[in-house]
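Chain by chain, the residues run as shown.
Protein chains: 2
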Amino acid sequence: MQAQENFGFNFSAGPAMLPVSVMLDIQKELLNWQGLNRSVMEISHRSAPYMAMMSEAEQSVRRLLQIPSDYQVLFVHGSASHQFAMVPMNLYQSGTMDYVDTGTWSCKAVAEAKKFGKVNHIQGLKMDNNSLTELKAPNEWSLSDDASFLYYAPNETIGGVEFAETPDTQLLYGRSVPLVADMSSNILSKPIDVNQFGLIYAGAQKNIGTSGVTLVIIRDDLLPLVDPKVATMLQYATYAKHQSLYNTPAVFPVYVAGKVFKWIEDCGGLAAMEALSARKAQTLYDFIDQSDFYTNPINLNSRSRMNVPFILADQQLDAVFLKEAEKQKLYGLEGHRSVGGMRASLYNAMPIAGVEALVNFMKEFALNHG
Amino acid sequence: MQAQENFGFNFSAGPAMLPVSVMLDIQKELLNWQGLNRSVMEISHRSAPYMAMMSEAEQSVRRLLQIPSDYQVLFVHGSASHQFAMVPMNLYQSGTMDYVDTGTWSCKAVAEAKKFGKVNHIQGLKMDNNSLTELKAPNEWSLSDDASFLYYAPNETIGGVEFAETPDTQLLYGRSVPLVADMSSNILSKPIDVNQFGLIYAGAQKNIGTSGVTLVIIRDDLLPLVDPKVATMLQYATYAKHQSLYNTPAVFPVYVAGKVFKWIEDCGGLAAMEALSARKAQTLYDFIDQSDFYTNPINLNSRSRMNVPFILADQQLDAVFLKEAEKQKLYGLEGHRSVGGMRASLYNAMPIAGVEALVNFMKEFALNHG
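As they're listed, the protein sequences go chains A and B. Going letter by letter, the first sequence gives residues 1 to 370 in our numbering. Going letter by letter, the second sequence gives residues 1001 to 1370 in our numbering.
Among the clues, some could well be false.
[Said to hold, decoys possible] Each computed DSS-like pair below joins lysine-lysine, with the alpha-carbon atoms no more than 27 Å apart: (1) K1190(B) x K229(A); (2) K114(A) x K1241(B); (3) K1115(B) x K115(A); (4) K1115(B) x K241(A); (5) K241(A) x K229(A); (6) K1229(B) x K118(A).
None of these hints come from the bench; they were simulated from the model. Being a predicted model, the structure only gives us computed values, none of them experimental.
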């Protein structure tokens, strides 16, 4: 903790802060990994030490999420934006793809899916009576009769909305429809039941590690759906068949992911992350709600534990707020360029001390400028 | 140099060794990049420091390769294997794609291109009178009348063959046909005339940095050929339009690439790399050729300066050779699993001292076991 405080606290939405103990560990072994006199970046991805590390990373995330044996865990090249294409390219055969649009990222996924088949673009947000944004409940979604899968983003980083529960597709459709989730921004922040999903993916740079790799968890029966004409590197089956070693993986991002998985296990796993996330979010929202100076635009039932957008009573003060925050070593608080305002991202690596420091700063800033 | 010798010498074909001074630099600033109290992995890719770093990386490689202003320099997600698909997906419209097959990697590119259009699979290797492998000269290639582009790999890492000259498509076809080159294993090892190419690509983990990003250099007029139905992240135009920042790039691999480009500039640029490469390759081939114990299976005119495969007179000794080499801190000398034997890769980061240490070891090993 001491070490973390020296570096301050980084509220960036992604690429986001990594646990300082993980970073120190990486730094220490950067030129001499496992006594090999080489970096993990400089050895063959088919060497025994690299393959063992990658396999242990997989086992670690399997333990954390209690992933059933009929699901593959894949380390896929590229970003979540690649998944916007890979999901329809691999899973769509006929009928309609149901996409729930709850913000910027799921909306981008809709646009990409339209290249590959028929999309039902479902509006997933509404306004409540107080003009706060709210997630529609799943039973309010306009679903298709011929849905081939249902796609949603459990957490939206820009709007700051998060589903508390996983939609039950059996209940919604009266039949088994694969549920696909973009969990880039809230994976590993609480226990989930993987059996409820057909496919889960998450870009690494928020709750997993550093960008360049995307974690994919896919149920075995969905692998053979792909058209063989799809590019080899865009087929989940390629990764599944070769344990993500069809070709050179993004070796450093995979290595960082393994370190972070292990760190979460050492911290007590997903139950501990859930408790920590709840405490961090509660601390910040409670402060905002009692303040006249700061506002969060989301209905209580739809608020994100991961990304807390807020606006200042006087938006002329935004630049001063950010500048003074940086002086206190509170970084990355600017809102997304598409919406402005402020945003504090509270991923797993953020300690409670960071939120307390932020609240103290916000309190003082409001006193001085309110 | 002292520092390098402490770590030994790493002859891995890729992921390959990085300059030790670059690695020490990365290690030093891992938790506190540019005095920001954060890692380069932990800040927004749209922040001024990250964008300036990325732009400087581009400028550095532009200076090194003297890239003309009508070419884009792109940092593309993923690996060279992604390019096997992206090249035909972006460039093919009609006619025939001419692919010269000179080994494992260009052969893989052929298989992938066949998913996307008509391919003329040109055999690019032959045997000389002494049963040594040799590259066919371009005027021996069976080219198509309706070629939409010509694809080749200037260096093949597994076979250990390399073209000394760039094929002249104007001469070969009597008209302008874009030349596409997979330079993953010899980019930045000598000056080239970029004007001779329509598109050059190179995966990072050999001569550029660490895996997860691929450098693409593409002439502007080739960007608009792409079908809009191609996945957004597989369109070169996406990267060109957004300065490779359409979405979060592979932030760490891009950062490492920038460091390596700068290191090459500091070493004297590509002329210096060419002289060093020539000296290293000559030293090793001269030793092999005068030896009765080691053999290289490639005709003089086709030998790679980057990857030197060799076999021992008695292949029963392979395991002992590798074990004793490791004791001398000479790493990564095993041949590719598809061909066996030995292979020494001599990318830019390998100092001449490494080749001298290898030759001394090989000499002694032959004396003891010959």
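task = Run the structure past the numbered hints and jot down the numbers of the failing ones, going up.
result = Hint check: 1 fails alone, others pass.
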